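Chemist: Protein chains in written order, with the numbering used here: chain A, 671 to 1337; chain B, 4 to 252.
Honestly, the hints are just simulated from the structure, not real lab data.
All values derive from a computational prediction rather than experimental measurement.
Heads up, the beta-carbon is just placed ideally off N, CA and C, and yes, glycines get one too.
Do not rely on the hints blindly, as some may be mistaken.
Stretch by stretch, here's where chain B covers chain A in the computed footprint (C-beta under 8 Å, at least three residues) [said to hold, decoys possible]: (1) 929-942; (2) 1083-1097; (3) 1106-1119; (4) 1169-1176; (5) 1179-1191; (6) 1291-1304.
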Amino acid sequence: MLLILLIILFLINPKITYAIPGVIRCNSRADVLVQDMWCSGRLIDESIGLWQPYCSYGYAYIFSAPCNAAIVPGDTSHCYSITATYPDPTGCSASSEPVYEGEIGSACSFSKASSTCGYCTSVDGTNGVCGSANGGTYEIYPTSNLCSAGTAVAIDSAGTDGVFNWNCNGSAGSCGGDNGSTANCLAYRDNEPTLLSLELKTYDGDTVEVETGDRNQICQPIFKQDTVNPSGIQFIVTGSDVQGTSDIGTMQIRLRNTTNTYTFDPVASVDGVATIPVDLSASGVTNGTYNIEVLINDATSGVTASWIDTNRDFKYWDCKVSVSGGLYDGSLGEICPNFSSTLVAGVNFTSLSFTSPLTGLSSNMTINGDSTYISSSDSLIWGTSGYKAILNNGLNMSDLSLRLIDSGVGTTSCSSTLNFDLDADLVDPYATDPSLIADFSGMVSQDSWFQTVNGGVLSKSTITNYVSLTCDLLDGCTPGMSIDGLVAAPTINSTTGISYSYPNDWHVSKNISSKINYFEKYKKISGIGTTLIEGDLNDSNVINNTDGLLMVNGNVVISQNKINDWVLNSNYFFMIVASGDITIDPSVNNFDGILAGNNINIGGTSTDQLNIRGSLYGTNNVNITRSYTDKINNNDSPAVVVSFRPSYIFNMPSSMVKSVVDWKWGN
Amino acid sequence: MKNINKKQSGQVVLMVLLVSALMLTVGLSVSKNTVVETRVDTDEDLLKQAFNTAESGIEYYLATGYKQYAETNSSATVTAVNIGGGDEINSGGVVLSGQPFLFWLVNHDEVDKTIGTDMFTGSIDQICTDSNFTGGLKVDLFTGNNLVTRMGYNMNGGSSVNGFNQISGNCTEAINVTDGMLLVVTPIDGNTNIIVKGNAAFPSQGEEITSVGQMNGGVNTKITVLNRFNEVPPFMLETITSGDSVLSQ
C-alpha cells in the first residue's frame, strides 16, 4: 500500500527523484545499536522531492542503511551522493551545508561534503541535579556538594534572608539535542553566636567591676573578702545569636597567655547566659596575667564556634609584694621624698616588721649590716590595710618618716606616720613583679650633751659638746650649748648648724679661764659655815646635812639629791671644794650647790635629766657624759642642765669674802 | 861718791813715798766703800722695820678699826679712804684679759663688810675701756631677785667675740639698772683699764687704806692697800669652768 502511494506521488510530482523504500536503523545514541525498526520516510522538501528518513517513536535517525545491516558509525560504504541540500543537523551554516548523497533506499548513510562540519549525532543535555548541600545549614554559603549534576551557579550567596540559593544548570544538548534542565537548590544560613557581655562575680555573688585597663586581679579586696572561695571567679557570659538565644549552646571560658592556656568545662547557656565558675587555685592556674576568652557554641551543628577574646584580662597571683629599703640619716631635717642618700650606721637597727592589726598579718624583714633590709621570703600582702612599720626598741633614731616607692612604676608616696595601706595607690598590682621600697629617714639619736642656763662654759683647753640637731624650740628644746652665756675655749667642738650659745651665739676661741686649785686656796679658811673633811667622802648624808663651804681632802661621790627650797631658804649656800675628783652618781637628778674639784665627773645613764643649780669648776676636766637611758631622749633634751644661780655670790660665808687685791708701797 | 849716795837715797825715799801713797789711796778707797755699805744696811733695816710696822698697822686697822698702832721702837698711822662713792668708778689699774673685775652696785656694811641692801638704781651711762682696746668686753649685771643680765661688746670696732655688740668707740651704750647689786666686767682678748660712769652715785667699792710706819729714829715708809669688797672666785660667775677641758663624750 505504501509502495503504491509512493508511486503515485512520484508520478504526480516528477521532481521527486528518490523514493524512500527501505529501512533505517534508529537509536537514541550514535554508538549503540538499540533497536531496529522499520523505517519510513517523510518528505522534507517537496520541491526537490527530498525525503528524510524518519524514525518513529521520536527517535532520531542515525544513518540510513539497509535494514538490519550492521554498520558502524562512519561507515560510508552505503552512501552515495544526493543532489539535494539538507540541513546540517550539527548546526552548520547553510552555506557550508554538506550535500548528502545517497539513495536512502539502498544505502542510507550520510556523508559530508565538507570537512568543516563534522559529523555529529544529536544528544540531549544532562539535567542539573542538586548536590548534598541542598537543604543543609551553613554559617556561610557552601562551596562544595552544591550539585550532583550540572553546574552550580550562585543565586544568593549572602544569605541575608537566612537562605543561600544556587542553581544546578543542566548541560546543553548537542547536534540539536535538548538542553538539560536546571535544578534550583538552596541551603539555610545559621549565624555563630556572638559575645554580648562578660561579667565577673565572686563566688559569693558580688559583682567585680572592671578596673582601669580592662582587667581584674585575684587580690582585689572583693575577692579577698569572699567568704566562699577567695580564689574563685564566676564568669557570667551573655551571648547573642541571630537565630535567637535558643540557638546558643554551651559556653566555655579559657585563660590564655603566651605560656599557658587553661580551658574550663563548658556550661550550658540559659537564655543565652551561662555562669561558669572557676576555682583558680583548684584548677592549678599558675601566676600570670591571662586573656579571658570565651567560646559560645551554636546550638545547631554545622556552625563551628571560635574563641572570642573578651579584651579583658585577669591576673592570678599570690598577692605577695616584696619590700626592701633602708634607714637614712635625716639629721639635717630632710623631708620625704627628699631623703639624704646616706645610710645611717651604728644606730642599733636590729629588727623591722610590718604588721597589720586589722588582718593579723605580719612580715619580718631581714636586716643587713648597712642599715638596709629586705623582705626575703616574708613578703607583704597586697590589698592589706593598716600596715604599720615597727622597728626595734633601742633604735638610735627618732622622728622617723617613711617614704614608699612603687619600684615597678616608680611612684613615690610619703607618710608622716609609719602606717600605710598596701593598695593600688601604693603599688600597681598589675606590674610584672609588684614590689615596694620603704625607706625610713630620721634623726639619729644623739649622744649625751649638756646645756648651761644663764651662764657660760669656759675652758682653758677644749670644749666638746654636740648639741642635738633635733633640739627644736617648737619642742621646748633650746638649741644651744649655753643659754645666755659665753662659750670660750681655744678649741670648741660642737654641732654644725647649732649655735654655741642661744640666742646670740656668743663664743670665742680663746682661753679666758684660769687653772686654780681652790682646795689649796681655801683649805686654811675656817670658821662659821666651813667644814673640813679629811679623806674621801661617799656618804651623801653628810652632804645633805651640810651647808656652807665643805672642804674635802679627797674624792667626793654624790649619790643623793640635794635640793634647796629657795622660797624658804633664799640665803642658801652650799659649795664643795675637793682636792680630788667629784663624781655625781647617775641616781642623782637634782643638786643645788657649787662643785669645785680636780675633775668633775658626771656620767652613766638615767631616765631622768640631771639639774644642777649652781656652778662647776674642774681644776682639770669637767666630764659630763651622762646620757638618757633611751638615747632617743637625747635628741630633744640635754641629759644634764647646769643653771647659774646668782644668789650664791651674795650668800657666800663671810670667811670667803675677804679681799685684798692690790698693794702699793712707797713714801 | 857721797853726794851720789844721798841722791840715790832720796830717789829711794821718793819711790817709797809714791808706793805708799798709791797703797794708801787704794786702801782709803776700800775703807770708804765699807763705810757706805754699812750705812745702807742700816737704812734698809729701818725701812723694813717701818714697813712691817705699817703692815701691822693695816692689819690692826682691819682687825680693830683703830688707826693708830705702836710698837716699842716704831708706830704706824693709818688713814682709810673709800673707793668709789661717786658717779664714776674704775678698776684702779689695768685688768688682764679673762680676769673678771667686780664693781659693786650694792652697799657694804662699813664695819663687818657684809652686803647691804642699798642697791643701785639708775643708769650706767657708759662702761669705757682704753681707747686702743679692741677686744671684747663681757658685762654681767647682777640685780635683785636673783637675776643676772649678760651683755657683750666688741670695743673700738673690734670683733674678738662672736655675737657681741659692735661698739665703734671705747665706751658702751647706757644700761638701765634696777636694784643693781653687782657689775662684773671682763676684758677678752686684751688688757685694759675700765671706767664705769653712771648718772648716780655708786656705792663704795671698798677702802684705800694707807699706813705710814715710822721708826723712832725718823725713818718711815708708807703702804697703801686697796681693800675691795668681797672677792668672788671667777668660776662662781659662770656655770661651768675648767682648767683644762669640758667634755661630753
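Chemist: Compare the structure with each hint and give your call.
Modeler: Tested hints:
With a threshold of 8 Å between beta carbons, the proposed coverage of the stretch 929-942 of chain A by chain B is violated, since 0 of its residues qualify and at least three are required. Against chain B, the stretch 1083-1097 of chain A contributes 0 residues with a C-beta closer than 8 Å to a partner C-beta. That does not satisfy the three-residue criterion, and the hint is violated. Check result for the stretch 1106-1119 of chain A against chain B: holds, 3 residues qualifying (beta carbon to beta carbon below 8 Å, three or more required). By the rule of at least three residues with a Cβ nearer than 8 Å to a Cβ of chain B, the coverage given for the stretch 1169-1176 of chain A holds, with 5 such residues.
Counting residues of the stretch 1179-1191 of chain A whose C-beta lies closer than 8 Å to any C-beta of chain B gives 8; at least three are required, and the coverage claim holds. Proximity of the stretch 1291-1304 of chain A to chain B, defined as three or more residues with a beta carbon under 8 Å from a beta carbon of that chain, is established by the 5 residues found.
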